[in-house]
Amino acid sequence: MSVDRFPHSPKEEKFKFEPEVRAELDRIIEKYPVKRSALIPALKLGQKQNGFISSAVMQHLADIFEISSMEVWGVVTFYSMLKTHPLGEFHFQLCNNLSCALMGSAALLKAIETRLGIKAGERREDGKFSIEKVECLGACGGAPCIQINEDYFERATPEMIEDIVSALEKGEYVPPVGADEVAPPRAGVEVGKVEG
Amino acid sequence: MTQRLDALVEEKIVSARFGNAEAPNITGYEASGGYEAIRKILGKTDPKDVTEIVKTSGLRGRGGAGFPCGLKWSFIPDIEGPKYLTVNGDEGEPGTFKDRELMLRDPHQLIEGIIIACYAVGIEKAYIYIRGEFAAPGRAVDNALAEAYGRGYVGQNILGSGFSCDIYTHMGAGAYICGEETGLIESLEGKRGHPRLKPPFPAVVGVYGCPTVVNNVETLSNLPHIINKGPEWFAGIGIDERNTGTRMYCVSGHVEKPGLYELPLGLTLEEVINEHCGGMRGGKALKAVIPGGASAPVLTAKEVFEDKIRMDFDALAQAGSMGGSGGVIVMDETTCMVQAAQRLALFYEYESCGQCSVCREGTGWVAGILSRIEAGRGVPDDMTTLASIDINMRGNTICVLSDACAMMFGAFVKKFKSEFEAHIESGRCPHGSPFPA
Numbered sequence: 001m002s003v004d005r006f007p008h009s010p011k012e013e014k015f016k017f018e019p020e021v022r023a024e025l026d027r028i029i030e031k032y033p034v035k036r037s038a039l040i041p042a043l044k045l046g047q048k049q050n051g052f053i054s055s056a057v058m059q060h061l062a063d064i065f066e067i068s069s070m071e072v073w074g075v076v077t078f079y080s081m082l083k084t085h086p087l088g089e090f091h092f093q094l095c096n097n098l099s100c101a102l103m104g105s106a107a108l109l110k111a112i113e114t115r116l117g118i119k120a121g122e123r124r125e126d127g128k129f130s131i132e133k134v135e136c137l138g139a140c141g142g143a144p145c146i147q148i149n150e151d152y153f154e155r156a157t158p159e160m161i162e163d164i165v166s167a168l169e170k171g172e173y174v175p176p177v178g179a180d181e182v183a184p185p186r187a188g189v190e191v192g193k194v195e196g
Numbered sequence: 197m198t199q200r201l202d203a204l205v206e207e208k209i210v211s212a213r214f215g216n217a218e219a220p221n222i223t224g225y226e227a228s229g230g231y232e233a234i235r236k237i238l239g240k241t242d243p244k245d246v247t248e249i250v251k252t253s254g255l256r257g258r259g260g261a262g263f264p265c266g267l268k269w270s271f272i273p274d275i276e277g278p279k280y281l282t283v284n285g286d287e288g289e290p291g292t293f294k295d296r297e298l299m300l301r302d303p304h305q306l307i308e309g310i311i312i313a314c315y316a317v318g319i320e321k322a323y324i325y326i327r328g329e330f331a332a333p334g335r336a337v338d339n340a341l342a343e344a345y346g347r348g349y350v351g352q353n354i355l356g357s358g359f360s361c362d363i364y365t366h367m368g369a370g371a372y373i374c375g376e377e378t379g380l381i382e383s384l385e386g387k388r389g390h391p392r393l394k395p396p397f398p399a400v401v402g403v404y405g406c407p408t409v410v411n412n413v414e415t416l417s418n419l420p421h422i423i424n425k426g427p428e429w430f431a432g433i434g435i436d437e438r439n440t441g442t443r444m445y446c447v448s449g450h451v452e453k454p455g456l457y458e459l460p461l462g463l464t465l466e467e468v469i470n471e472h473c474g475g476m477r478g479g480k481a482l483k484a485v486i487p488g489g490a491s492a493p494v495l496t497a498k499e500v501f502e503d504k505i506r507m508d509f510d511a512l513a514q515a516g517s518m519g520g521s522g523g524v525i526v527m528d529e530t531t532c533m534v535q536a537a538q539r540l541a542l543f544y545e546y547e548s549c550g551q552c553s554v555c556r557e558g559t560g561w562v563a564g565i566l567s568r569i570e571a572g573r574g575v576p577d578d579m580t581t582l583a584s585i586d587i588n589m590r591g592n593t594i595c596v597l598s599d600a601c602a603m604m605f606g607a608f609v610k611k612f613k614s615e616f617e618a619h620i621e622s623g624r625c626p627h628g629s630p631f632p633a
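Protein sequences appear in the order of chains U and A.
The first sequence lines up with residues 1 to 196 when you count with the working numbering.
The second sequence lines up with residues 197 to 633 when you count with the working numbering.
Keep in mind that the hints were calculated from the coordinates and are not lab data.
These numbers come from a predicted model, not from an experiment.
It cannot be assumed that every hint is accurate.
Stated by the list, open to error - Partial pick of chain U residues on the chain A-facing surface, computed with a CB cut under 7 angstroms:
| # | residue |
| --- | --- |
| 1 | Ile29 |
| 2 | Lys31 |
| 3 | Pro33 |
| 4 | Ser80 |
| 5 | Thr84 |
| 6 | Pro86 |
| 7 | Ala101 |
| 8 | Leu102 |
| 9 | Leu137 |
| 10 | Cys140 |
| 11 | Glu150 |
| 12 | Pro184 |
| 13 | Gly188 |
Said to hold, decoys possible - Under the rule of at most 27 angstroms between Cα atoms (straight-line distance), these lysine-lysine pairs were calculated in the BS3-like manner:
| # | chain 1 | residue 1 | chain 2 | residue 2 |
| --- | --- | --- | --- | --- |
| 14 | U | Lys110 | U | Lys35 |
| 15 | U | Lys110 | A | Lys613 |
| 16 | A | Lys498 | A | Lys611 |
| 17 | U | Lys83 | A | Lys480 |
| 18 | A | Lys480 | A | Lys613 |
| 19 | U | Lys35 | A | Lys498 |
| 20 | U | Lys35 | A | Lys453 |
| 21 | U | Lys14 | A | Lys387 |
| 22 | U | Lys44 | A | Lys387 |
| 23 | A | Lys453 | U | Lys31 |
| 24 | A | Lys453 | U | Lys16 |
| 25 | U | Lys44 | U | Lys31 |
| 26 | U | Lys110 | A | Lys453 |
| 27 | U | Lys133 | A | Lys208 |
| 28 | U | Lys48 | A | Lys613 |
| 29 | A | Lys387 | U | Lys133 |
Said to hold, decoys possible - Listing some non-contacts, in silico: residues in chain A with all C-beta distances to chain U over 12 angstroms:
| # | residue |
| --- | --- |
| 30 | Ala261 |
| 31 | Ser270 |
| 32 | Ile275 |
| 33 | Lys321 |
| 34 | Pro333 |
| 35 | Asn339 |
| 36 | Phe359 |
| 37 | Asp362 |
| 38 | Gly370 |
| 39 | Gln535 |
| 40 | Ala583 |
Heads up, the beta-carbon is just placed ideally off N, CA and C, and yes, glycines get one too.
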C-alpha cells in the first residue's frame, strides 16, 4: 500500500459543478434514501469536469454532502478509478493479472509503451495518452485485455495497438472489441460515424 | 452419471439468448419468452411459495460461497419497514467474466430475476452494484431498465398486480473488496468498502441498517427460468440434489478455446477442458488449473486427469478447493508456478482493504517473499516463513480476503513445492520468468 497525502491546492483554485452537472448530481441523489450514497457518483462527476480530483473538488463535495474534506479524501484514496492526477485524453489500462499474463500481457504492455513513448504509470507530455497497469478487468476469456477510457479491447495484440493508436491520433472513433460491442453506444458517440 | 449429464450439456439456461442479437432489447426479450415469469406469479402466487419454489430448485449462489439462494432469502425477518436487494455485479475475482456478459447480452433476464426475488422477499427497492470498469454493461443495464420501466415491468403497481419495485444501478469505482457483500454495502453507502464484522449478517442489518438480500447476477438470472419451467426441471439438471442447474464456467489461459461455457453442474474438469474448450493450446501438457477464481486452491494435472475431479460445489470442496466464482484458469507446462502465485499475491496485496493488520501485513509479506524467490533471491528460510504466514492468515480477519490469499499460495507451495525449492537452490527461475511482472 502506498500512502498518498492530501493534495493541497493553491488557495486561488476554485471548483464548482457546472449547473447541468449539479442537476445531474441532484437526480442521482434522489435514487437513495441516504444522500451520502451519491458521494462516489459525485466524485466521478467532479473528476469528469475537472480532469482529476483536486482538493478544491473535494472541498466542494464536502460542502454538498456536509462532511469534512478529509472524509471525502478517505473515500477517494480507496478506489482505483478515482484519480488525484490528470490522465491522458486516452487512458490505456492494461490488465496485468494471471489470465492476461498467461496470454501475453507483457508483450502487449511493451508494444503500448513503445508506440506511445511513455511507461506504465506515466502521462504523455502532450496530454494525449497515459498508461496504467491494472488488476483483473473481468474479461479473462478475451485475454489479454486492455481498457481505453470506457471501452474494452479483448484479445488485444501489438498489431491492434498500432491500429488503435494511429486512429486515435487522427481523431477517429475506435469502437470496442469483444463483448462490449453489443452494448448501447456511449453518450456523445454518433452511431452513424462508427466506422473504425 | 456422465451418461445423464452428457444428455444435458446442450441445455442452456442463463446463456440461452446469447446468440440472439435482439435479446438485449425489450422486444427481443419479450419475443423469446421474457417477462412471462413475472406475469405468472405477481399477484397470483403467494410470495412465500416463490421462496419455496426456489428452495426446491436447489439453486445455490453463483457469486463464490455457493450458499442456497432460497434459504438466504428466508433469513430476512418478517417485519415492517424498508428492506433492500443489492445485486452483486462487482465481478472482480481474477478469472471470472460471466456477470459482465450476462449484463451485456441479457440484461432483461437479470431485471426479471430481480423482480422475482423482490416479490418473494417483499422488497421494494433494489440496487444493482456494477463494478466501475464495466461501463458498457452499465449502459446495457441502464438501457434495459429504462425500457422495462416504460412497459410497466418495473416501478409502481407492476402489471397491475399491486406490487411495486424500483431498481437502480450503482456504479462502483474500482475495488475488488467491494465484491464482498458487506464491503459492497459500505461502498453503496458512499464509504470506503471496508467489510463489516459479522454477525449481524446483511439479512438482519444490511444497507442503511435495514434487512438486505445480496445476490449475484448469475444467481438472479436463473430465477425467471426456474419460475417458467419449474423447480423440478432445474433440479434435474446437475449431478445431484445439492448441485443443481448449470454454471457459467469462465475458462481462460492455455486452452484452445477460452471463453464462457454454460454446462450442467457435475462435469469433470477434464471434460470441460478437453471436450468443451478444445483441449490444451498447441497440444502442450497441463500443469495446473485454478477451478473457481483466484481464491480457489490450485489443482494439479494428476487431480484433473487421474482423480477426475468434478466441477460441482461439493466435489471441489472435498478436493480441498472450491467452485467459487466459476473462473477456471488453465496453465500449461511452460508456466512457472512461483510466478503464477506471485502474480496473484501481488493482486491480494493491492486489493487488501487494510483494516485488519493480519491481511494488510500478510498479503504484503507473501507478495514480497514470492517476488524474492521468483527473482532468484530466495533463502531456504522463506519456505518456513511462508508456512507460518499461511497459518496466521486463516480465520483471523473480518472478511475472507486474507483466507483467500492463504488458500491460494498455500496450495501452490504445497502442490508445487519442488518448483519453489528449485528457484531457491538454483538462484533463478528455471522457466525464465515467462511473464515478467
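- Hints breached by this structure: 1, 5, 6, 13, 14, 15, 17, 19, 20, 23, 24, 27, 28, 33, 34, 35, 37, 38, 39
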